[in-house]
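Q: Sequence lines, in order, name chains A and B. Everything in the first sequence is counted per the numbering used here, starting at 1 for the first residue and increasing by one. Everything in the second sequence is counted per the numbering used here, starting at 1 for the first residue and increasing by one.
Hints should not be assumed to be uniformly reliable.
Copies of the same chain are indistinguishable here, so a pair counts whether it falls within one copy or spans any two.
Said to hold, decoys possible - Below 20 Å or equal to it, Euclidean Cα-Cα: the simulated SDA-like pairs (lysine to any residue) are:
1. LYS90 - TYR158
2. LYS90 - VAL288
3. LYS295 - GLU166
4. LYS90 - LEU161
5. LYS293 - GLU210
6. LYS318 - GLY56
Keep in mind the hints are simulated off the structure, nothing from the lab.
2 protein chains.
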Amino acid sequence: MRLLHRVFLSLLLCFLSAASLFAQTKIAYSFRVVPLGVLGGIDESNLSAYMVAPAGSNNYICMDAGTLHAGIEKAVANKAFTVSAEQVLKRYIKGYFITHAHLDHISGLIINSPDDSTKTIYGLKSTLETVKTHYFTWESWANFADDGNAPLLKKYHYKALEPGNEVAIDNTTMQVQVFPLSHSNLTSTAFLVRSNDSYILYLGDTGADEIEKSHNMQSLWETIAPLVKAKKLKAIMIEVSFPNEQPDKTLFGHLTPRLLMDEMSVLAKLAGSIKGLNVVITHLKPPVASITKIKAQLKANNQLGLNLIYPQQGKVLKF
Amino acid sequence: MRLLHRVFLSLLLCFLSAASLFAQTKIAYSFRVVPLGVLGGIDESNLSAYMVAPAGSNNYICMDAGTLHAGIEKAVANKAFTVSAEQVLKRYIKGYFITHAHLDHISGLIINSPDDSTKTIYGLKSTLETVKTHYFTWESWANFADDGNAPLLKKYHYKALEPGNEVAIDNTTMQVQVFPLSHSNLTSTAFLVRSNDSYILYLGDTGADEIEKSHNMQSLWETIAPLVKAKKLKAIMIEVSFPNEQPDKTLFGHLTPRLLMDEMSVLAKLAGSIKGLNVVITHLKPPVASITKIKAQLKANNQLGLNLIYPQQGKVLKF
């Protein structure tokens with residue numbers, strides 16, 4: 001009996017540690033990101049768009065929507081999804097988060113709208129106003145939205161977000177908080193997405209505070225520093241459009257490797273060490289020679305020890 | 001001597017007929033067309049855009065500009081051009097002819113504008129007005145044009161075309177004449193391009209006169225019938241967006257195989273036989289099943305004996 005008892009206990013322990021290992025494997029990441037487009041220009045088949053869902057869920061949101069169809073096709077070909085491209089568009093994407101109305105961040109949404117399902121477009125009021133008055137207008141495109149020029153086809157609902165409040169994202173278990181960014185003449189947006197106790201931060205096009213004469217980045221870093229400290233922020237997705245050689249006056253509200261690292265130093269001062277923090281570099285602008293230079297400059301200037309990640313179209317990232 | 005004479009004569013004849021054959025081969029076509037994008041929807045990497053140049057020239061114009069970069073890349077990969085994609089965009093394309101302002105006909109132009117060279121955008125006044133007030137506005141995009149919201153970056157010059165006049169196309173040896181088309185709530189455009197004594201006709205999105213309650217197609221066919229009769233019209237590039245099953249009320253200003261053939265019958269009545277006329281079918285709307293159906297229906301309804309051509313992205317056509 002005693003031996004049997006001991007065997008039973010050993011088996012129980014074995015089972016429990018296996019279960020815990022399994023659970024650990026299962027919760028080893030918080031977010032699944034599928035990049036649909038990663039470049040900052042001219043290639044219509046690969047412009048800013050990133051699907052984000054909590055681990056284990058197919059209820060995604062799409063951060064910006066420069067390229068949808070061509071990116072989804074590539075993701076399906078890469079087996080990032082096991083359903084058809086049509087199903088990914090219609091069923092997996094539950095809403096769009098548009099950082100600003102520049103066409104390389106929204107043309108995919110407009111082009112795909114006839115084949116899309118009913119969902120919500122989130123953004124700052126100013127961004128949605130431009131979508132309403134410049135795109136879904138019956139001049140540039142049919143009005144698939146629920147506001148603006150009649151007749152309203154009502155496929156999309158506009159939901160304006162205000163800085164300072166966390167808002168639940170429809171048809172997902174995620175929440176979002178918005179922050180204004182300075183992008184030359186436009187106000188761009190950062191979206192802080194939460195799933196349970198984990199966060200991911202996606203920034204649209206942005207200049208550095210130093211160049212833009214702004215405090216938007218400073219305020220953002222102050223808000224997220226505690227999350228970084230507590231290891232709750234799983235990744236920052238942020239743009240670097242030009243190499244360091246780009247003159248300040250032709251930055252057009254974008255970052256270079258030097259400016260990114262300056263901003264990251266501000267965050268590091270607020271959060272303590274940010275060594276190993278996942279930083280996904282978005283919006284690299286062709287040509288290839290320029291992209292190669294940006295990558296080399298980021299590597300050479302990475303004294304903070306950031307985990308620099310270069311997303312590829314249709315290849316899954318886990319954070 | 002007599003034998004030698006005869007041999008010499010034979011050789012001369014042989015040479016002359018070879019030379020004539022060579023000359024015929026050389027002038028066997030009038031236009032070179034490089035499709036940069038051929039579909040009527042959702043695939044951002046393959047939307048309406050067709051480069052057209054006189055045979056033997058690299059001074060192209062681009063009819064619509066839904067997809068530029070991705071199409072040029074494909075054409076270069078297919079050896080349609082021997083220069084780089086950058087050179088094709090900057091040096092080979094001398095001007096854009098925009099049929100209407102729907103985004104799938106112009107997003108490539110806007111996305112590629114930062115990397116483009118100085119050139120002219122041609123279109124009806126109403127089309128250019130929408131480009132000016134909806135795209136190059138500093139809200140949706142920087143204003144790369146020479147009119148509209150300040151500051152003007154002046155890379156592009158707007159040139160409004162009026163029906164009824166033939167106009168020389170800058171930096172090419174071609175001329176153009178415009179015709180209004182009915183495309184639901186918008187006025188779309190047909191461009192009749194002339195090189196010497198040869199013509200090619202490109203139509204933007206259009207509905208049939210029967211559905212649109214219009215005479216635009218009738219007027220166009222009346223104008224070009226003499227050119228067809230005289231074998232001067234080398235090709236018609238025209239849209240077929242939906243299969244015959246599409247209900248009239250959801251055609252949104254587009255053609256089906258039946259409606260195209262009805263329109264072609266009007267032309268045939270005016271021009272006599274149009275057997276063998278090159279008709280390039282543009283703007284087929286995905287999904288693939290629908291495109292397959294359109295092709296089958298066109299084939300089954302081709303009593304007129306048209307030479308139906310389905311353009312492929314990056315593959316040269318000669319007319």
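Q: As a check of your reading, is LYS293 near GLU210 (CA-CA no more than 20 Å) within one copy, between copies, both or neither?
A: Result: close neither inside a copy nor across copies, 22 Å intra and 58 Å inter.
Q: One pair to classify: LYS90 and TYR158, alpha carbons no more than 20 Å apart. Within, between, both, or neither?
A: within (17 Å within a copy, 38 Å between copies)
Q: Classify it for me, LYS90 with VAL288: is the Cα-Cα distance of at most 20 Å met within a copy, between copies, both or neither?
A: Answer is between; shortest inter-copy Cα gap is 17 Å, intra-copy 33 Å.
Q: First find the shortest C-alpha distance between LYS318 and GLY56 inside one copy, then the shortest across copies, and answer within, between, both or neither for a cut-off of 20 Å.
A: Within one copy only: 11 Å inside, 52 Å across.
Q: Indicate which option fits the pair LYS295, GLU166 if close means a Cα-Cα distance not exceeding 20 Å: within, between, both or neither.
A: neither (34 Å within a copy, 51 Å between copies)
Q: Between the shortest in-copy and the shortest cross-copy C-alpha distance, which are at most 20 Å for LYS90 and LEU161: within, between, both, or neither?
A: Neither way: LYS90 and LEU161 sit 23 Å apart in one copy and 41 Å across, limit 20 Å.
Consistency note: the structure conflicts with the earlier hints numbered 3, 4, 5.
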